[in-house]
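Asker: This is what each chain is made of:
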Amino acid sequence: MTTVAVKPATMAQALTRAMRDAMAADPTVHVMGEDVGTLGGVFRVTDGLAKEFGEDRCTDTPLAEAGILGTAVGMAMYGLRPVVEMQFDAFAYPAFEQLISHVSRMRNRTRGRMPLPITVRVPYGGGIGGVEHHSDSSEAYYMATPGLHVVTPATVADAYGLLRQAIASDDPVVFLEPKRLYWSKDTWNPEQPTDVEPIGRAVVRRPGSTATLITYGPSLPVCLEAAEAARAEGWDLEVVDLRSLVPFDDETVCAAVRRTGRAVVVHESTGFGGPGGEIAARITERCFHHLEAPVLRVAGFDIPYPPPMLERHHLPGVDRILDAVARLQWEAEG
Amino acid sequence: MTVLEQRGAYRPSPPPAWQPRMDPAPLLPDAEPYRVLGTEAAGKADPGLLRRLYAQLVRGRRYNTQATALTKQGRLAVYPSSTGQEACEVAAALALEERDWLFPSYRDTLAVVARGVDPAEALTLLRGDWHSGYDPYAHRVAPLSTPLATQLPHAVGLAHAARLKGDDVVTLAMVGDGGTSEGDFHEALNFAAVWQAPVVFLVQNNGFAISVPLAKQTAAPSLAHKAVGYGMPGRLVDGNDAVAVHEVLSDAVRHARAGGGPTLVEAVTYRIDAHTNADDATRYREDAEVAAWRAHDPVQLLERELTTRGLLDEAGIEAARQDAETMAAELRDRMNQDPELDPMDLFDHVYAETTAQLREQRALLRAELEAEQEQHGEQEGGAR
Ligand SMILES: Cc1ncc(C[n+]2csc(CCOP(=O)(O)OP(=O)(O)O)c2C)c(N)n1
Chain A
1 MTTVAVKPAT MAQALTRAMR DAMAADPTVH VMGEDVGTLG GVFRVTDGLA
51 KEFGEDRCTD TPLAEAGILG TAVGMAMYGL RPVVEMQFDA FAYPAFEQLI
101 SHVSRMRNRT RGRMPLPITV RVPYGGGIGG VEHHSDSSEA YYMATPGLHV
151 VTPATVADAY GLLRQAIASD DPVVFLEPKR LYWSKDTWNP EQPTDVEPIG
201 RAVVRRPGST ATLITYGPSL PVCLEAAEAA RAEGWDLEVV DLRSLVPFDD
251 ETVCAAVRRT GRAVVVHEST GFGGPGGEIA ARITERCFHH LEAPVLRVAG
301 FDIPYPPPML ERHHLPGVDR ILDAVARLQW EAEG
Chain B
1 MTVLEQRGAY RPSPPPAWQP RMDPAPLLPD AEPYRVLGTE AAGKADPGLL
51 RRLYAQLVRG RRYNTQATAL TKQGRLAVYP SSTGQEACEV AAALALEERD
101 WLFPSYRDTL AVVARGVDPA EALTLLRGDW HSGYDPYAHR VAPLSTPLAT
151 QLPHAVGLAH AARLKGDDVV TLAMVGDGGT SEGDFHEALN FAAVWQAPVV
201 FLVQNNGFAI SVPLAKQTAA PSLAHKAVGY GMPGRLVDGN DAVAVHEVLS
251 DAVRHARAGG GPTLVEAVTY RIDAHTNADD ATRYREDAEV AAWRAHDPVQ
301 LLERELTTRG LLDEAGIEAA RQDAETMAAE LRDRMNQDPE LDPMDLFDHV
351 YAETTAQLRE QRALLRAELE AEQEQHGEQE GGAR
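Chains A and B, in that order, give the protein sequences.
As numbered in UniProt numbering, residues 1 to 334 make up the first sequence, in order.
As numbered in UniProt numbering, residues 1 to 384 make up the second sequence, in order.
Keep in mind that a hint or two might mislead.
The calculated EDC-like cross-link candidates involving lysine to aspartate or glutamate, where the alpha carbons are at most 20 Å apart (straight line), are [claimed, not checked]:
no.: 1; chain 1: A; residue 1: K51; chain 2: A; residue 2: D26
no.: 2; chain 1: B; residue 1: K72; chain 2: B; residue 2: D273
no.: 3; chain 1: B; residue 1: K216; chain 2: A; residue 2: D26
no.: 4; chain 1: A; residue 1: K7; chain 2: A; residue 2: D26
no.: 5; chain 1: A; residue 1: K185; chain 2: A; residue 2: D47
no.: 6; chain 1: A; residue 1: K51; chain 2: B; residue 2: D280
no.: 7; chain 1: B; residue 1: K72; chain 2: B; residue 2: D129
no.: 8; chain 1: B; residue 1: K165; chain 2: B; residue 2: E98
no.: 9; chain 1: B; residue 1: K72; chain 2: B; residue 2: D280
no.: 10; chain 1: B; residue 1: K216; chain 2: B; residue 2: D129
no.: 11; chain 1: B; residue 1: K216; chain 2: A; residue 2: D56
no.: 12; chain 1: B; residue 1: K72; chain 2: B; residue 2: E330
no.: 13; chain 1: B; residue 1: K44; chain 2: B; residue 2: E330
no.: 14; chain 1: B; residue 1: K216; chain 2: A; residue 2: D47
no.: 15; chain 1: A; residue 1: K51; chain 2: B; residue 2: E286
The set of hints was computed from the structure by calculation and includes no laboratory data.
Pulled out of the complex, with its shape left as it was, chain A reads as follows (with noise of 0.2 Å):
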């Protein structure tokens, strides 16, 4: 499959596009948060929609998650499909009472007679020198919630794809936006954009056979980053980019993880509690005779997200995955 570039788009830019094609597309689907009318969002993801649809499709909400979201459950119980948009990952925390206690469970509440589809955009992650309470990594809160979808893009083609998908799902999306990545530039054609794999679907990123590197979002590029390092030591290294965490694509993650038989897990959010865990005992249960070493993991501290200054400490980099990798090749070096 080619694609063919016009010019290079930015993560954010396909973003943008996905919304708007979606609201093109589909008159019941509505952008509201803070910020995201006439200034298009603080990082200009929903640039120009308000203009383009108008402040009823695109609404300046007062400033409540918890209003935000709430309002949001009851559009969606008369039809429409909102999308939604959280300021920064750690100002979504006064959403959760919502998220978690209606949105995630209303499907199954009313026995499937009303489900909610609403994508939560959640700008999240670290990496870009942002001030407390900017940087966190909220995913495995989410994941610990049954009745969410939680994505992530790492790449320009999924964050319109991927993105476009949750919005049609007749399900709660988190969708979850690596924001060091939204400047990320790929060769993509806005025009044309090709099909990208379904929601819950992980993709070989780069084929190895050394050891396999598990990751998503913004930590995707540092593996791709790692993997091209470690040929001087003699290694192969697959990356698996996991696209969704759930729905968690076990069948990919284990084809690729009994190739290699090895494994390392990468994340920036915390290792402790953090989605490594769930994601190496997985691996444990249906790959364990494949395994040639114990599946490994590289996330951040287990600390409250660092000041900026700090911040390149706790984030797991190509040398803390490198070490992890050459802890793996214990059988390999006798």
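Dock chain B with the ligand against the given chain A, drawing on the hints supplied.
Answerer: Frame of chain A; chain B with the ligand shown alone:
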């Protein structure tokens, strides 16, 4: 025949008597923001107070311009300027006694500094070397709160605790107009009123929450009107009139200290600069609006009052300016020094007693840093 008719003649009984639990009228704010400067009342203001307010306003203005300059030099990650709102900031700090507590929002660095916190330490959050660099107990200033309105219930809790202990401590909690939409704002006001906690809520209504104007934030007649629904008085004041803000806040503090319960004060002001240095305000407001507010400048308003009353002359203005320059120069020098960072600090204050996991992670980072240093040393050695 209706059911009621079947049962015989239906005679509605009068409803049980209802009356409001208290007369709402005294709780309602004035129709106009309260003003002192430029009115006759100004003549009665204490000259000492006017001078103190003026000195702090001039310093505050200079602090804002200096901090903004530091963002341009990359010394501060971000700065939310309070230029135009200095009167609120200064009056907030000066209305409190030493034993009282301030609960600031992220834009309130000036109030924090006016409380006595070291000007450079007040910026650690925004510089990025630590989250809240100062000791909250040293000057009774809670950490600057970035999540909006979440500090308001804390202010209520502290005030309540102090009263339970028999201390006549008052807390002053600051929030923006946008923050008044958050659930925490409502819960805090309700608790404060129900508990009759000695709290003063100061809303700085500067017209915008980032790009969203007040009209899209609330349909209330004024933010001060919100008070009546909780059962506390609401006061409306010109936020650019330092003397008026000081008077209203001092009244509210006295009222709270005397056991009168909480007050909600709305200070009507304007954010002259963009939301932060990273924001583009031209996207959502007209220059003419900014210009109109520039003409109602808090520093100028007070300066005019002082000069017309003969309490300030050119030399006095120059002295205040010099004092502010010295403060700014010191701040600049301090901020231009690279902060001394020890990455090991990351693990030091997560728990009172660290955990085995954190000890492990600490060792990992130490090994990484040592390897880094060794490599660095080798490189330097090679270069020689
Ligand atoms: C709970 C929460 N949601 C969103 C934000 C992001 N944010 C930071 S400042 C701001 C606007 C605040 O406006 P206002 O309360 O009027 O205060 P001002 O900035 O005008 O001083 C927003 C939306 C936040 N800090 N906290």
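Asker: Hints first: check each against the structure and report whether it holds.
Answerer: These are the hints, each one checked on the structure:
1. At roughly 17 Å between alpha-carbon atoms, A/K51 and A/D26 fall within 20 Å of each other, so this suggested pair holds.
2. At roughly 14 Å between alpha-carbon atoms, B/K72 and B/D273 fall within 20 Å of each other, so this suggested pair holds.
3. The suggested pairing of B/K216 with A/D26 is violated, with an alpha-carbon distance near 26 Å, which exceeds 20 Å.
4. About 27 Å separates the Cα atoms of A/K7 and A/D26, which puts this hinted pair outside 20 Å; it is violated.
5. For a cut-off of 20 Å, the pair hint linking A/K185 to A/D47 stands: about 18 Å separates their Cα positions.
6. In summary, the hint linking A/K51 to B/D280 is supported, as the alpha carbons are separated by about 18 Å, within the 20 Å threshold.
7. Only pairs whose Cα atoms come within 20 Å are accepted, and B/K72 paired with B/D129 is accepted, the gap being roughly 17 Å.
8. The hinted pair formed by B/K165 and B/E98 meets the criterion: a straight-line CA distance of about 17 Å does not exceed 20 Å.
9. At roughly 15 Å between alpha-carbon atoms, B/K72 and B/D280 fall within 20 Å of each other, so this suggested pair holds.
10. With a C-alpha separation of about 36 Å, the suggested pair B/K216 and B/D129 falls outside the 20 Å cut-off, and the hint is violated.
11. At most 20 Å may separate the alpha-carbon atoms for a hinted pair to count; B/K216 and A/D56 meet this at roughly 13 Å.
12. With a C-alpha separation of about 18 Å, the suggested pairing of B/K72 with B/E330 holds against the 20 Å cut-off.
13. Restraint check: the Cα-Cα separation between B/K44 and B/E330 comes to about 36 Å, which exceeds 20 Å; the hinted pair is violated.
14. Restraint check: the Cα-Cα separation between B/K216 and A/D47 comes to about 19 Å, which is no more than 20 Å; the hinted pair holds.
15. Proximity of A/K51 to B/E286 is assessed by CA-CA distance (about 18 Å); at most 20 Å being required, the pair is judged to hold.
This entry does not satisfy hints 3, 4, 10, 13, going by the numbered hints stated previously.
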